[in-house]
Amino acid sequence: MKNYIIKRLLLIIPILLGITIITFSIIHLTPGGFTTVNLQMDIRTSPDSIARLKSLYGLDRPLHIQYLNWLKRFVFFDFGNSFLDGRPVLKKVAERLPATLLLNISALILEFFIAIIIGVTSALKRNSFYDKSMTVITFIGYSIPSFWLALILMLIFGVKLDLLPISGLKSVNFDFLSSGEKIIDILKHLVLPVFITAFGGLAYISRYVKTNMIETLSQQYIKASYAKGLSENIIIYKHALKNSLLPVITLLGLSLPGLIGGSFIFETIFAWPGMGRLAYESALNFDYPVIMGVVTMAAFLTLLGNLLADISYAFVDPRIRYR
Amino acid sequence: MKKMIWTGGIILVFFLCLAIFAPFISSYDYKEQNINLRLQPPSSKHIFGTDEFGRDVFARMLYGARVSISVGFLAIAIATLIGVSYGAISGYYGGLIDNIMMRIVDIILTIPVLFLILMLIVYLGPSISNIIIIIGLTSWTDIARIVRAEVLKIKNFAFVDAAKLIGLPKKIIIFKYIILNISGPILVYIVFGISGAILTESGLSFLGLGVQPPFPSWGNILTAGKDYIHTAWWLVLFPGIFIFLTVFSLNILGEGLRDFFNPKLKRE
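Same order as they appear, the protein sequences are chains A and X.
If you use the numbering used here, the first sequence closes out at 331, no skipped numbers anywhere.
If you use the numbering used here, the second sequence closes out at 249, no skipped numbers anywhere.
Do not take every clue at face value.
[As the list claims (entries may be wrong)] If you want the ones that stay clear, here's a sample from chain X, every Cβ over 10 angstroms from chain A, calculated:
#1 A0
#2 E13
#3 R19
#4 E33
#5 R84
#6 M100
#7 K136
#8 L168
#9 S183
#10 K207
#11 F225
[As the list claims (entries may be wrong)] Each computed DSS-like pair below joins lysine-lysine, with the alpha-carbon atoms no more than 27 angstroms apart:
#12 X:K207 with A:K196
#13 A:K168 with X:K(-16)
#14 X:K207 with A:K178
#15 X:K(-17) with A:K140
#16 A:K133 with X:K12
#17 X:K207 with A:K140
#18 A:K133 with X:K(-17)
Treat the hints as calculated values from the structure; they're not laboratory data.
Every residue, glycine too, gets a C-beta built ideally from N, C-alpha and C.
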């Protein structure tokens, strides 16, 4: 097991190298760029000043040298400074991360909670009307364009009924509220985005839970428990539930990378000050250091999440042995 | 399972017909402006109302169906072509080639897809052909993986050995004998892929990076309408319902087909 983890951790290095090379190539080999977009419209710009700017940011050097320079700094966790405002990339990410984490973790908890209930109850009442309607409802969540649902719900709950705030993380008068009111204020802002995010993910998890539960219920030891005369509640909620939920842990590991990569469409609608918008703004403005930083961090978390999922799988299922 | 395939299929065919027969269904021109009739609510003349330039929304939805659905189909056609060849080669040759090819897939899978699409569109420009190519180029990895796994399973079957023995060239063995036998799972991924591509295009449109006006797509009709959401609800409601119903029909069709091609479920 220890060797396996070390091997997998070492494998992250070449994959990260590949990802950074691909991202670097895309942003530097495509037409347009930081200097053209931000300066060409300005009548005072001369070819000379563009050249000076390029040399200031090191953009005049050959691509492989630029990449190696980036890599050298990356090894020491230095992602450089943003082209737009000159602040360190890590600082910009650190500012945006809490909002995204707050939204995604709340949504993830709600999503798993509801999906497990739906999955287990559907498995118990298999092929019933309840089971079928739950399938349809979760499928609707999976198919509905989230930004459209967001617009409609904002219109109903935010504007028509005036129950919930429709954008941002805090109200304008946030600083003047007492600490209790502050929490309520943030919670109110969370309701719509969290609900919509969770709704979209229900189908996949609840189906997974349901399949697992059905499989567990058909196992020999469940039949043996019935034969032993245990009550149905004990069998279902103690023996079957526990065993069918173990594989769900791996799904949690796989959702880890999604936690920091906020959806930029979603964050744009709700004016949510998160990672998705940072990525979106950096791509629109050709802010190379921020793009590289965000992609590398997201990729690293994805790899880590996959590894955690695999390890936890072996942890909960002793039949699995990694070498 | 059969019910899912039928329901999904019928809704999908309905929308395909809307797209194909657009000129026969509505007599309005999707780009004809009439400022006197701007932002009219749905009526017997304009059943989905009119937009901010007085254009008939129903006509725009019909022609938008052409754009949105063909973006979905063409993008996934590209993805399928790449994914099937890639997965087949990787699975059939195995060994070092397979190892290298699959590590490349791992790398691509680790980059956040939507962000990759966003970057490419910002840098290459949001023309319809660019959008199709970019979505196609970023969604072939799932198909490649499933094809590889199926090829690995099937390549040791006796009929493949027999084809090798009679001296058929590798190309024919791979594409005629192996791919034809796994067309079921491939079809499932194609159907889910199309629904994903339609959603991706509408999401990009929402950011102003999808299909550009004056060409209508469901996504950009919705996006243009969101500025008038307080007064002209029909501009937002109808495109959303069209996108949702199309994606929903594709998803239940895909789900039904998945069960249909799953030998484990057939026995029950």
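Going down the list of hints, with the structure as the test:
1. The Cβ of X:A0 lies farther than 10 angstroms from every Cβ of chain A, with a closest approach of about 18 angstroms, so its non-interface assignment holds.
2. A cut-off of 10 angstroms between C-beta atoms confirms that X:E13 is not in contact with chain A; the least separation is 26 angstroms.
3. The Cβ of X:R19 sits about 21 angstroms from the closest Cβ of chain A, beyond the 10 angstroms cut-off, so the non-interface label holds.
4. X:E33, annotated as away from the interface, keeps every beta carbon of chain A farther than 10 angstroms; the closest lies near 17 angstroms.
5. Residue placement check: X:R84 does not keep its beta carbon more than 10 angstroms from all beta carbons of chain A (closest about 7 angstroms).
6. A Cβ of chain A approaches the Cβ of X:M100 within 10 angstroms, the least distance being about 5 angstroms, so the stated non-interface status is violated.
7. The Cβ of X:K136 sits about 25 angstroms from the closest Cβ of chain A, beyond the 10 angstroms cut-off, so the non-interface label holds.
8. The Cβ of X:L168 sits about 19 angstroms from the closest Cβ of chain A, beyond the 10 angstroms cut-off, so the non-interface label holds.
9. At the 10 angstroms boundary, the C-beta of X:S183 falls inside the reach of chain A, the nearest C-beta of that chain being 6 angstroms off.
10. Residue-level check failed: X:K207 sits 6 angstroms from the nearest beta carbon of chain A, not beyond 10 angstroms.
11. Listed as a non-interface residue, X:F225 fails to keep its Cβ farther than 10 angstroms from every Cβ of chain A; the least gap is roughly 5 angstroms.
12. Straight-line distance between C-alpha atoms of X:K207 and A:K196 comes to about 23 angstroms, which keeps the hinted pair within the 27 angstroms bound.
13. Under the criterion of a C-alpha separation no larger than 27 angstroms, the hint pairing A:K168 with X:K(-16) is inconsistent with the structure, at around 38 angstroms.
14. A hinted pair counts as satisfied when its Cα atoms are at most 27 angstroms apart, and X:K207 with A:K178 qualifies at roughly 23 angstroms.
15. With a C-alpha separation of about 14 angstroms, the suggested pair X:K(-17) and A:K140 falls inside the 27 angstroms cut-off, and the hint holds.
16. A hinted pair counts as satisfied when its Cα atoms are at most 27 angstroms apart, and A:K133 with X:K12 does not qualify at roughly 52 angstroms.
17. In summary, the hint linking X:K207 to A:K140 is not supported, as the alpha carbons are separated by about 34 angstroms, beyond the 27 angstroms threshold.
18. For the hint pairing A:K133 with X:K(-17), the CA-to-CA distance comes to about 21 angstroms; that is within 27 angstroms, so the pair holds.
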